[in-house]
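K.L.:
If you're matching them up, the sequences are chains A and B in order.
For the first sequence, our numbering gives the first residue as 98, with consecutive numbering after it.
For the second sequence, our numbering gives the first residue as -10, with consecutive numbering after it.
These are computed hints drawn from the structure, not numbers from a lab.
Quick reminder that beta carbons are idealized off the backbone N, C-alpha and C, glycines included.
The reader is advised that the hints may include incorrect statements.
[What the hints assert, rightly or not] Not the full set, but computed from the structure, chain A residues with beta-carbon under 7 Å of chain B:
id : residue
1  : Glu144
2  : Gln294
3  : Val341
4  : Ser359
[What the hints assert, rightly or not] BS3-like, lysine-lysine: derived pairs with alpha carbons at most 27 Å apart:
id : chain 1 : residue 1 : chain 2 : residue 2
5  : A       : Lys416    : B       : Lys260
6  : B       : Lys260    : A       : Lys103
7  : B       : Lys260    : A       : Lys437
8  : A       : Lys132    : A       : Lys305
9  : A       : Lys367    : B       : Lys260
10 : A       : Lys367    : B       : Lys194
11 : A       : Lys132    : B       : Lys260
12 : A       : Lys233    : A       : Lys276
13 : A       : Lys305    : B       : Lys260
14 : A       : Lys305    : A       : Lys248
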Amino acid sequence: MMENTKPSLLEVQNLVTYYYTDEGVVKAVDGVDFKVYPGEIIGLVGESGCGKSVTSLSIMGLIESPGKIVNGKINFLERNLLELGESEMQNVRGAQISMIFQQPQSSLNPVFTIGSQIEEVFQIHGKISKNEAADKAIELLKLVGIPDAVKKTHAYPHEMSGGQAQRVMIAMALALSPKLLIADEPTTALDVTIQAQILNLLADLRRKFNTSVILITHDLGVIAEMADRVAIMYAGKIIEQSDVQSLFDHPKHPYTRGLIASVPVMGEIKESLDTIPGNVPNLIDLPIGCRFSTRCNAREEYQLEICNKQEPELQRNQKSGHEVRCWLYQDGEGHTAPFKL
Amino acid sequence: MIAEVITKRNIIEVKNLVKYYPVLGGVLKRVVAHVRAVDGVSFNINQGETLGLVGESGCGKSTVAHTMIRLLKKTSGTVEFDGKDIFSIKSDELKQMRQNMQIVFQDPYASLDPRLPIGDSIAEGLKIHHLGTKQQQFEQVLAIMKKVGLEDYHAVRYPHEFSGGQRQRIGIARALVLNPKFLVLDEPVSALDVSVQAQVLNLLKQLQQEMGLTYLFVAHNLGVVEHISDRVAVMYLGKIVEITSREQLFLKPMHPYTQALMSAIPVANPKLKKERLILPGDVPSPLNPPSGCRFHPRCPIAREDCKQVEPELRDILPGHQAACHYA
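The whole structure should be built from the sequences, with the hints applied where relevant.
P.N.:
Okay, structure coming up:
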């Protein structure tokens, strides 16, 4: 993929979000930079606790105490969202940036009908009359492939299956034609045959409305099928970023490689799986130097001294745009990188 | 081939297992309907092998797993373990048998007592079965902890001090401390992160070889099931729709449901943006399963007779059974 010269829709710069708990400061997001271009799907990948969900909540302005956005800029349509007041932010949220979550059933209010919850979106943003809103709700339910849409507007969330509830969430999220949709593990709670339906729906809607999507997931298969670009996160930082083809063809960071190798792939039988030793580090007490250094096998293989002393920067190959944060590709004090990026 | 037949001894034989849950209704709380969670399931497991049991949520795979070790009462059918019907034996003998059949649960966060140090938690089985002196029990606990990759000093720690992957190791240690022959693994890695999931899968394979264990591995992730299983059974709405060797199943799935299930899985290779076979609709309720073949409302190749006649599980190829009229 060529380097993107279009102006970006969203630009996250040096985002730092910490949680101030009794046990210490949890560095959930610790200096994250990425861009989202119009109409693209960018995948945000990582294991639990890597900061992918906190990044998205920061964009939405939904960080609650003891969490705090300590630093950074979130530029969206030439405004820094972090400088907006709550009422201005409310106009952005839902209308220009909307979000769907992992558990569709618990994101819907159990005591209101599906129809009234979709209509509410229009009413909050003060656009149209009640009747028009009701018509729009039916139209949206048809758009997301709910059979019997007219009848379903009178249904309550408990009467819907998980897949249908997620379709309703998508309908609500798209109600005001947002520029950006954040989908946080949208299919993790669903069965695979239903997941396939929802992923198809998301891809169709993206084509139809040119909505940009930040797709947050831990499933590399979902990323490979859906995303145009990918950012891999580890312990609060992006450690690798590139277009999807380049990431799967030439993963560069030892963590990315380990992640790809540790997933059992259908059709490839191996005696034993490659593993990444150890566990994700505690975000209160991070390793000194590279955050992955305590689990990294490349560090031993190339006998790198610098890894547990100094943190590497995100290096960028200007031609391909592939970015990686690893001493294997970066020179440092008394350290020569064994590879060129 | 002959040698193979002789060494392949049946350890588990499940015949026509049925498990219905009553649905109570009305003021008198009468039984008004039944959830047909498991509706006539038969299979066997050979000693030392792993049978994978796959299916989507609500297909009855966990109910099969729990019923076949008598954690749930059956509605009908038989389960023979080492030639004995586990539902007809009395309490003493059952207790004896329980030593040989253990289970590891899905959620390592919910299946450990938060107030019990994990050493005590692992020793519980030994205490219940009065196996050995206190000292012997203690030594056995340490030995099994070492085997699953835990350190001695972990024994005095509490569950909240462990990560998900380590908790699952504790769950495995609890099950293995009694030196069982057969282990039910009920979605043992689905709550874990992928990098940790691989560690636990490798551990399970290694333990199986070292201790000669037989596994029933219940999961919804076909990649994981393919990795660990020797044979695989696919369930849909309370029935087995296909059962065969791992190689055969993944090379040549015969049942349209199995084919759709495999096609639905996103592959971690962006070049393979394949045409997916997408099933319409949701899994029907087991309260009122469709007539005839239960899969017919979603099946891409269903014909008229599929709506009326329920297909039997039949041999399509040698050692490869599927329940479909047109497979």
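K.L.:
For each hint, tell me whether it holds in the structure or not.
P.N.:
Quick rundown of the hints versus the structure:
no. : hint                 : result
1   : Glu144               : holds (4 Å)
2   : Gln294               : holds (6 Å)
3   : Val341               : holds (5 Å)
4   : Ser359               : holds (4 Å)
5   : A:Lys416 to B:Lys260 : holds (22 Å)
6   : B:Lys260 to A:Lys103 : holds (25 Å)
7   : B:Lys260 to A:Lys437 : holds (26 Å)
8   : A:Lys132 to A:Lys305 : holds (22 Å)
9   : A:Lys367 to B:Lys260 : holds (22 Å)
10  : A:Lys367 to B:Lys194 : holds (12 Å)
11  : A:Lys132 to B:Lys260 : holds (24 Å)
12  : A:Lys233 to A:Lys276 : holds (19 Å)
13  : A:Lys305 to B:Lys260 : holds (23 Å)
14  : A:Lys305 to A:Lys248 : holds (25 Å)
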